[in-house]
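Undergrad: Line order of the protein sequences matches chains A and B. Note that our numbering numbers the first sequence so that position 79 is 79, with each residue one more than the last. Note that our numbering numbers the second sequence so that position 16 is 16, with each residue one more than the last.
Think of the hints as simulated: they come from the structure by calculation, not from any bench. It is possible that part of the hints are untrue.
Pairs count within a copy or across copies, as identical chains cannot be separated in the list.
[What the hints assert, rightly or not] Each computed EDC-like pair below joins lysine to aspartate or glutamate, with the alpha-carbon atoms no more than 20 Å apart:
{"#": "1", "residue 1": "K131", "residue 2": "E58"}
{"#": "2", "residue 1": "K76", "residue 2": "D51"}
{"#": "3", "residue 1": "K43", "residue 2": "D56"}
{"#": "4", "residue 1": "K119", "residue 2": "E58"}
{"#": "5", "residue 1": "K119", "residue 2": "D21"}
Number of protein chains: 2
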Amino acid sequence: MTTKTVCELCEQPGGTLLWQDSSCRVVLVEDADYPGFCRVIWKQHVSEMTDLSAPDREHLMATVYAIEAAIREVMKPDKINLASLGNLTPHLHWHVIPRYRHDKHFPQPIWGAGQRAGKPAFMPDWQARLKQNVNSRLSG
Amino acid sequence: MTTKTVCELCEQPGGTLLWQDSSCRVVLVEDADYPGFCRVIWKQHVSEMTDLSAPDREHLMATVYAIEAAIREVMKPDKINLASLGNLTPHLHWHVIPRYRHDKHFPQPIWGAGQRAGKPAFMPDWQARLKQNVNSRLSG
C-alpha cells in the first residue's frame, strides 16, 4: 500500500476563478460572512515566499496588490487583511479579505471566535463588478 | 475638551528593536508562546499596502522577506506565517511568525483559541543570533 499526499491547492481551484496567468490564479472564496474574500494562489507547489525567486515574489505580490485595489474600489471595506499562513495547506497562497466594522469577527482576525452575526449586505452585482475590476487591472 | 486619537505604533516601538532604517523598523514581539515572532513596521502612518508607492511597497516587502529568511535560518520553524491585519491598529505593519507543529495554536492561526500548552524550547542565545542574522541581511 502506498500513501499519497494530496495537496488541496494542487488538485482543486480553491474557489471561483476570477483571473489567472501561467504563474498564479485569483479565486473568490465561498464564505457567506465575507463577500469579496479572495485568494491569490501560486500555481507551483512551494511553501514560503522565500522559496520563490525575487521576480516571482514581485509578480505574486503585484497580483495581491491589484486584488487589494479592486476590493477597495468595489467593496469599500473599512480595512484590508492580507495573510499567507498555509499551516494546513502549505502551498503558497495569499488571503485578501475585506473587513468591515460590522462583520462577524471585527476587530479580531477572521480565524477566531465570532463576535456577532455578520451583516454582509451588498448590491447583487458585486461579484460581477469585482471580477470585471480584477480583470481590467490584470489583463491587457 | 478635545479628543486625541493616539496610534500605538506612532507612539511606541511595538517591541524590542532589532533593526531600522529611515522608512521602517523591525521589532521582536514579547510573546512567551512565540519566540522569534517579529513585526516589520512602516514608520509613516498609512493603513494599507496600496497606500504606499510601488518602490515603498518593494522596500517594505524586501525587509519582510529578509526577516522571514533570518527566522527560517535561526529558528528552523515548520512554517512561516505572514500577515498584515491592522484592524485594531490601522498603521501598516507585518507580522512574521515562526510556527511549529507543537506550538500553542498549530495548525490554526495564532489569533484563535489555543489548542494546547505551547512548548517553546530554544537555545538561550536565539535572540542574539536572530538580531545578528537580521542585521547581516539588512545592513550593508
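Undergrad: Work down the list of hints and note, for each, if the structure agrees.
TA: Taking the hints in turn, this is what the structure says about them:
Taking the shortest alpha-carbon separations for K131 and E58, neither the intra-copy value of 22 Å nor the inter-copy value of 26 Å comes in at or below 20 Å. For a Cα distance limit of 20 Å, the shortest separation of K76 from D51 across copies, 14 Å, qualifies, whereas the shortest one inside one copy, 33 Å, does not. For the identical chains of this complex, K43 and D56 are intra-copy neighbours only, at 11 Å inside a copy versus 27 Å across copies, given an alpha-carbon limit of 20 Å. For a Cα distance limit of 20 Å, the shortest separation of K119 from E58 qualifies neither inside one copy, at 35 Å, nor across copies, at 36 Å.
With identical chains, the CA atoms of K119 and D21 are never at most 20 Å apart, being 34 Å at best within one copy and 42 Å at best between copies.
Consistency with the previously given hints fails for numbers 1, 4, 5, ordered from lowest to highest.
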